[in-house]
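For reference, the chains in residue letters:
There are 2 protein chains.
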Amino acid sequence: MNSEVYAQTRMVLRPMSTPPFPAGFWARSSGWRQAGADYCSRRKPGAPYLELMWTVEGAGILHVDGAEYQVEKDMVFFLLPERFRYYRTASTAWHFRWLTMDGPAIISFFYSLQISPEPRRVGPCPEDDFESLLMLLSEPSQRAQRLATATAFKILLCASAPTSTGNGQNEGDSNPLIATAVQEIERGFREFGFDVNELARRLGKERTSLSRHFKTVMGVTPSAYIARKRFQLATRLLSLTSLQIKEIARQCGFLDADYFSRWFKQRSGVSPGEFRFQLFDT
Amino acid sequence: MNSEVYAQTRMVLRPMSTPPFPAGFWARSSGWRQAGADYCSRRKPGAPYLELMWTVEGAGILHVDGAEYQVEKDMVFFLLPERFRYYRTASTAWHFRWLTMDGPAIISFFYSLQISPEPRRVGPCPEDDFESLLMLLSEPSQRAQRLATATAFKILLCASAPTSTGNGQNEGDSNPLIATAVQEIERGFREFGFDVNELARRLGKERTSLSRHFKTVMGVTPSAYIARKRFQLATRLLSLTSLQIKEIARQCGFLDADYFSRWFKQRSGVSPGEFRFQLFDT
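So the protein sequences, as listed, match chains B and S. For the first sequence, counting from 1, position 13 maps to 13 in our numbering; every step adds exactly one. For the second sequence, counting from 1, position 207 maps to 207 in our numbering; every step adds exactly one.
No lab work stands behind these hints: they were computed from the structure. Do not take every clue at face value.
Unchecked claim - Ranges between beta-carbon positions, derived for each pair:
hint: 1; chain 1: B; residue 1: CYS40; chain 2: S; residue 2: ASP256; range: 34 to 44 angstroms
hint: 2; chain 1: B; residue 1: GLN34; chain 2: S; residue 2: ALA257; range: 27 to 37 angstroms
hint: 3; chain 1: B; residue 1: PRO22; chain 2: S; residue 2: CYS40; range: 28 to 38 angstroms
hint: 4; chain 1: S; residue 1: ARG43; chain 2: B; residue 2: GLN8; range: 52 to 62 angstroms
hint: 5; chain 1: S; residue 1: ARG190; chain 2: B; residue 2: ALA179; range: 51 to 61 angstroms
hint: 6; chain 1: B; residue 1: CYS40; chain 2: S; residue 2: SER209; range: 49 to 59 angstroms
Where a beta carbon is used, it is the ideal one built from N, C-alpha and C, also for glycine.
So here's chain B without its partners, still in its complex pose:
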């Protein structure tokens, strides 16, 4: 073991014997590795924590329960306690970052995310968040350990986003068609009759494939996206103006104020009038 080897990995671990503060789960450790061609690692079943690995550059091979997966840049996979895993560098180099989280509620929270633990393409590794996590984990104060847990949680939620289309980002910014679709929605959602058919027409695209593509990149259908824009505008107008409900309905693209009120209540649990009353019940 020479010092060159040591500069290729880094790890910070919270002492297991002392949960840092009362909670259902915590950040436990994090690190990174610039692995060379001869790197391989095993994990026996039974380690009582969730592990997340995010590839920054290069490629690895993951073996799990007899299956073999190629792991590339922008891909994430998870190691769960009950399975035996084995992984190694695929060709000449594999640079990845990882974190572990433990606590009685972490595994059930992972399952609530409804994603596969196998390698999935989600987008570039959030290296700044991983760097903050390393720094926070190495500081013993309870405040730092709380922030470490919040940072690990943020990385976990980013890592469980819908599989990206492989263009290096999982939002519209980097996808010209979807970026244009989002702009078109921003421009049009206040108009009566603006819907996914109209959106497809304006973009000169076929509705079904546009919807599917939009959902893959944005995580929501264009219809749901338009509805949310209208709902947010409605709550904003109800909070910030004294406009009548009928006028607010119109500004959100609804000609029929009663239909608007039913639509709003379905989403918020209360009618537009009750929503405003609750906000201003002085």
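For chain B, the structure is supplied; the task is to place chain S on it using the hints.
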């Protein structure tokens, strides 16, 4: 209702009918209010979410199940689904920020934090995080909703920190004695025999009251803080150097390498040698 009233509150709500992505809990809404003397609000039991309220300036009165609490600057309280609450401005003004989180796992996660929902002093309201939350909640993309949930989770963990000593911060920075104690630990933890007695001696303070004070401000006892500094140094030396275990023990303040190994294993689950082997099992 005039426009002046409207400028004194702001609220962003995610539509209830559509969970933004699969998870155990989500950010649901957030807002702030500059409440005047005549402000009061009720909440009936049964609303299926957790609400967090953080006072920025001024004061309010919270009535819950027959009890009455004064709520001041830097104090947080929580509203749980099952209880009837009523709150109002205490004197002339009450400025607070709030958020709600929903989802099947949010209430059990709140209980895992082992804090009282009643008003507690925790430190200044993290207004930047609340502003980010407002912005993220108003954006319909799944990515924004994931980041909104991570931000709400961060605020929740900060709000559940141990009650501060009332000096406006819950870390050592603002407390001269504890800041000096932390510096003394940074200087001394590598030395053999450095412990809480030695720390108290160097500061010219009585050990028991120093420990209690340190725990209140930092959330951990000075002994645990010293042990964590030593543990972090040990993991760093094991990862980044090829020093012998005996030498690492010495640099962490242990004269007896066997004792160090048992101490390390108790905390990490593995011996120092195994820890290094796992890190470098190429």
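CB-CB spacing for S/SER209 and B/CYS40 relative to the 49 to 59 angstroms hint: 53 angstroms, holds
Satisfaction of the hinted span 28 to 38 angstroms by the C-beta atoms belonging to B/PRO22 and S/CYS40: 33 angstroms, holds
Cβ distance range 34 to 44 angstroms for B/CYS40 and S/ASP256, holds or violated: Since the Cβ atoms of B/CYS40 and S/ASP256 sit about 35 angstroms apart, the hinted range of 34 to 44 angstroms holds.
Range hint compliance [Cβ, S/ARG190 to B/ALA179, 51 to 61 angstroms]: Check passed, 54 angstroms falls within 51 to 61 angstroms.
C-beta pair B/GLN34, S/ALA257: status relative to the range 27 to 37 angstroms that was hinted: 30 angstroms, holds
Beta-carbon spacing of S/ARG43 to B/GLN8 - inside the hinted bounds 52 to 62 angstroms or not: Given range 52 to 62 angstroms: holds, Cβ gap about 55 angstroms.
Of the hints listed earlier, there is not a single one the structure fails to meet.
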